[in-house]
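Protein chains in written order, with the working numbering: chain H, 1 to 236; chain R, 1 to 236; chain A, 1 to 236; chain D, 1 to 236; chain X, 1 to 236; chain C, 1 to 236.
None of these hints come from the bench; they were simulated from the model. Check each hint, because a few of them may be wrong.
Any copy, or any two copies together, can satisfy a pair, since identical chains are not distinguished.
To be verified - Here are the simulated DSS-like cross-link-like pairs (lysine-lysine), alpha carbons at most 30 Å apart as the crow flies:
{"id": "1", "residue 1": "Lys149", "residue 2": "Lys221"}
{"id": "2", "residue 1": "Lys45", "residue 2": "Lys221"}
{"id": "3", "residue 1": "Lys231", "residue 2": "Lys14"}
{"id": "4", "residue 1": "Lys140", "residue 2": "Lys45"}
{"id": "5", "residue 1": "Lys6", "residue 2": "Lys140"}
{"id": "6", "residue 1": "Lys149", "residue 2": "Lys21"}
{"id": "7", "residue 1": "Lys149", "residue 2": "Lys104"}
{"id": "8", "residue 1": "Lys48", "residue 2": "Lys6"}
{"id": "9", "residue 1": "Lys6", "residue 2": "Lys21"}
{"id": "10", "residue 1": "Lys104", "residue 2": "Lys48"}
{"id": "11", "residue 1": "Lys149", "residue 2": "Lys220"}
{"id": "12", "residue 1": "Lys149", "residue 2": "Lys194"}
{"id": "13", "residue 1": "Lys45", "residue 2": "Lys104"}
{"id": "14", "residue 1": "Lys48", "residue 2": "Lys14"}
{"id": "15", "residue 1": "Lys231", "residue 2": "Lys48"}
{"id": "16", "residue 1": "Lys194", "residue 2": "Lys221"}
{"id": "17", "residue 1": "Lys221", "residue 2": "Lys48"}
{"id": "18", "residue 1": "Lys220", "residue 2": "Lys140"}
This structure is a prediction, so every number in the text was calculated from the model and none was measured.
Protein chains: 6
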Amino acid sequence: MRANRKNDELRNIKFTRHFTKHASGSVLVECGDTKVIVTATVDEKSPKWMDTPSGWVTAEYSLLPSSTNTRVRRERGNNPVSGRTQEIQRLIGRSLRACIDLEKLGERTITIDADVIQADGGTRTASISGGFVALSDAVKKLMDEGLLKENPIIEPVAAISAGILDNQILLDLEYSEDSIADVDANIVMTASGKIVEFQTTAEGNPFSEQQLIELLHTGKKAIFDIIEMQKQALAD
Amino acid sequence: MRANRKNDELRNIKFTRHFTKHASGSVLVECGDTKVIVTATVDEKSPKWMDTPSGWVTAEYSLLPSSTNTRVRRERGNNPVSGRTQEIQRLIGRSLRACIDLEKLGERTITIDADVIQADGGTRTASISGGFVALSDAVKKLMDEGLLKENPIIEPVAAISAGILDNQILLDLEYSEDSIADVDANIVMTASGKIVEFQTTAEGNPFSEQQLIELLHTGKKAIFDIIEMQKQALAD
Amino acid sequence: MRANRKNDELRNIKFTRHFTKHASGSVLVECGDTKVIVTATVDEKSPKWMDTPSGWVTAEYSLLPSSTNTRVRRERGNNPVSGRTQEIQRLIGRSLRACIDLEKLGERTITIDADVIQADGGTRTASISGGFVALSDAVKKLMDEGLLKENPIIEPVAAISAGILDNQILLDLEYSEDSIADVDANIVMTASGKIVEFQTTAEGNPFSEQQLIELLHTGKKAIFDIIEMQKQALAD
Amino acid sequence: MRANRKNDELRNIKFTRHFTKHASGSVLVECGDTKVIVTATVDEKSPKWMDTPSGWVTAEYSLLPSSTNTRVRRERGNNPVSGRTQEIQRLIGRSLRACIDLEKLGERTITIDADVIQADGGTRTASISGGFVALSDAVKKLMDEGLLKENPIIEPVAAISAGILDNQILLDLEYSEDSIADVDANIVMTASGKIVEFQTTAEGNPFSEQQLIELLHTGKKAIFDIIEMQKQALAD
Amino acid sequence: MRANRKNDELRNIKFTRHFTKHASGSVLVECGDTKVIVTATVDEKSPKWMDTPSGWVTAEYSLLPSSTNTRVRRERGNNPVSGRTQEIQRLIGRSLRACIDLEKLGERTITIDADVIQADGGTRTASISGGFVALSDAVKKLMDEGLLKENPIIEPVAAISAGILDNQILLDLEYSEDSIADVDANIVMTASGKIVEFQTTAEGNPFSEQQLIELLHTGKKAIFDIIEMQKQALAD
Amino acid sequence: MRANRKNDELRNIKFTRHFTKHASGSVLVECGDTKVIVTATVDEKSPKWMDTPSGWVTAEYSLLPSSTNTRVRRERGNNPVSGRTQEIQRLIGRSLRACIDLEKLGERTITIDADVIQADGGTRTASISGGFVALSDAVKKLMDEGLLKENPIIEPVAAISAGILDNQILLDLEYSEDSIADVDANIVMTASGKIVEFQTTAEGNPFSEQQLIELLHTGKKAIFDIIEMQKQALAD
């Protein structure tokens, strides 16, 4: 069992809305020492690749060079966007598309930018949870401006990480735990308890079906708590 | 229920070893109309990024332009390697590293190349199942040549896809099913029934915990069948 | 004189049509141990750069990483398409355009993809000879579908390599011969004996006009044999 | 004359040290609505291109996509690092190298990362002024750790923008002013009043020598005020 | 004081018009041992990024690999266009746009190509001075062809470099001087003595306001001389 | 028959040595209106890819943007080095390696840069003929400096283009002829009449063996004339 908090205990989570002024939604999400600026920008066009124009939500993710323990090289010039970055931004996009009715959104594209300014584990799940708040603010602005008549958001969505370390299930891993975990899971769920994404990977030893179910249950409880915090943040 | 086979029935699977002559392991894996050339090439060096030299298994994946329904553009020149390709090759690499003791493998790198010559769904899971056979052949060759004293392979590994379509669980989806499925799962397991990777994604509607467990069970049964076929292929 | 076959003797050549199912033409061409999947895909559009829309035939060429003796790096990401690859695909395209009336082909583009799955010398000439078969199948399909009224193919085209090694003219070089040859030639000809391309290069010592003519004559005889095999394959 | 402040009046400037936890120096610099995270990371190596190893200070600059009025595309993948970005990071690097004795710094490289989270004009000069604070913190840490015996910093450096709009000299332009200015100047000076960089550009109409000198004098006074604020921030 | 010429003395400057035959304006500009081919090519279209179509002048700059002391790598393939090159081409473009009325130029783009065939300091300022001559020839051709009714050129523009070395102001630095100068300045002015660009950089020691003004005055005198030579060249 | 010169007549050819001052060999070669700066730069290292260090000669080729009828885009940034450019620089390199004993050259690399400042057909063959002169000057300098004891040059090499237009054999085609020719040939030969490269391509109609031999003979005579001019140029 870990020292500072229980195995199934979340770190402090905080959503600061209107963190920057230009984007339609702009949230600083903090989850322990992990800090991500998540913004939602609206472009009044469907993506070019769409045959039948409709709404779309897409995401981009990046680590600031100074966000990690040892400086990370910018993914630009000769340094291509890594597979890890691409996996994460595809995950954020899919997760947020699951909570919104794209037809009701109309012919526009919302881009979620998740820029990690300080990383300590769980940056992708924090980006999803914060992304829902930013997306909600962008939708609210469209409704306030009369560009949207009906709210396209179906239900809240949030995400959390879990893992197995020394045969124990741990929730919301810090970097120091994550880097030595045997199993790594990311869980994305809606307020009604439906699963959007469930990804478990054995970095070291394969694991049992029983452990998989425990990971899921541990994450589920935490996600309901995070959705509560999202609601409070959006109510302010 | 689908027309040609039961919902939990596998397509015909076939492993043709020694398909090409240069690589240490070379397998044509066929899964219905999906055909992938999977090879294992040995380089007698650790990867450069490793601090403590040890063995490593990595993977690359590619679709031949003519492998799909409408020609796919080569990922070269101005067309970068897509996020999908990168996700798949990371998945293949992780899955095969889970079945081998990297320290016992010694200071060498085995590269698994999965080149899809005909695609009809399930290319990534076919690549993993075929990859295990190619990897086994490469290891066998190292042992025959006396470069390896002890077999580093821990236990067989195989993979299969499953999904939910019209609220029914389907195994081993063809492209026509996969492209309209609500939920998409990829399951990687070892011969002893341990989970290496389990990824489920709601492309459309989120799903329940009950469905997640059914997906897992359906996949598990199939994986045991595939591992049996791998054994027979390797015994020939 | 070489051990296994005469200096002016071809290796076994085989064309397997309908090798994969998606492309309009799909041929596995084998020339000794060299094996290339050559496909023809039809796009119902002229290329963008054309001022006066008309038909076009273009080609792409690639070596699978495991096709060669020592694994070749994929030409993607930071590894650009090599000069060798570009030379080969330009040669294949020019050679096949010489056997077809582009105006009669109409406003469509046929892309020939030559993907080498096993390399043992002569991959570019095998791609041209196989490319003619794939192109013929694609044209046949267009005619069967009523999209083309008149056959645009002018006459068959095929290609072969020749070289000079230890002052002897050799036909259809294997990799072990090609890599130490003094002179390297590629000859592309039509069924009526007209020259489409003739390229000779002194890798080592320059050569005489007499030798150049011998290279041409040796190749010509072989090309007529290959054109015969193409006809038989297309008749099946 | 502008409405909210005098033509030669600075916007509110604020330096928040220790803004993130991983870098040796980490400062949030705010200048009106312009907000930049500037960090200093130490690498205990000279740059590879140096013939005679010595200390080095280099800089990278980036706009977060959501930092501007309309979302800016990330400079990655097919979108290369722009000329503007390169000019700015070269300017920041040169300016900060002017305030430090590189030989005394020893064989190490300090990278200044300036990531703009909100842009409203003057991001490059804010990055320089904030960069000096981050650099000072990094140097202080090296001295506290005993890695440096002698302080290599020569004297403080700061920067400000000025411009000409409707024939009036304006200090510290906001984006709305900057985008329509006739002349644009950036001034970098040391605490002793020496000039490090002085760049004036006529975006519209060329200007007189008299105006050039006025731009310089207006900037000089402001820079002394900023250097005072840097000192207070570093004293806290 | 330097040996071969006075500190404020220009090197020999020569403009050879009609140096190559295809471009509308083509000038070889020589400034001592610095030799640059500067051409002006007219494209009868506005740039795509322009919202309100109008005329535009843009510039590209390149060093031939053999133009410098030790061969420079071409900026192509994996070697991106350097920050230095981008700064220079932006400077040339801005400087030449300052001497022409873009609305009068009409909906066309003039591209100035400055290709340095031999470099010995001052290549960017030689490119600007030569660029004015090439631009004038291109405009003259447009007028001769009746495509332009009114001359859009406002007044001549020219440029020169200056620097501080061993506390002395030097004009028109050669490479051997430039590479060890403490301060480096580039001055762009019009025939009426207006400043278009003034950039001073302390490569080594910061400098005083008095020195800045001396740099400006030294450059101004030289620019008037160069403008005289441009006039003579254009009169031939 | 063409108007200005006989079908088998060369255009005016001129070699200007010492055209620029930095490279070991620097030649302006003019062939009618085609003008190429060809330089030879010596690097006292073998290429990295060589297993057994020895001498090497390599080539790079580029068109200045203003060298052609309509401006060509620079091959940099998002515009990759074209297949045409790569073919040409490989041809120049192979041709010049054929005239030099690489072992005698010793562990050094000579880079031939061919930069076309004005193009009117035959730029690749002019680059080879001029390249031999530049290479000879670089070798002479190495011998003068005592870095080479024995002259590694075996015999002179030169190149010329020929073609078939309206069924007539033409020598040394201008751009206006080349762009409509049916057949295009490039011939590289040594002073002793040995063939280094012979490439013929039917751009339009395939051609006969008789025509191939005529192309060769026409080129041979011209090459002997060019080699005479090279000798005179090198004797000056």
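query: Any of the earlier hints contradicted here, and which numbers?
result: When the structure is compared with the hints, numbers 1, 2, 5, 8, 11, 14, 15 and 17 turn out to be violated.
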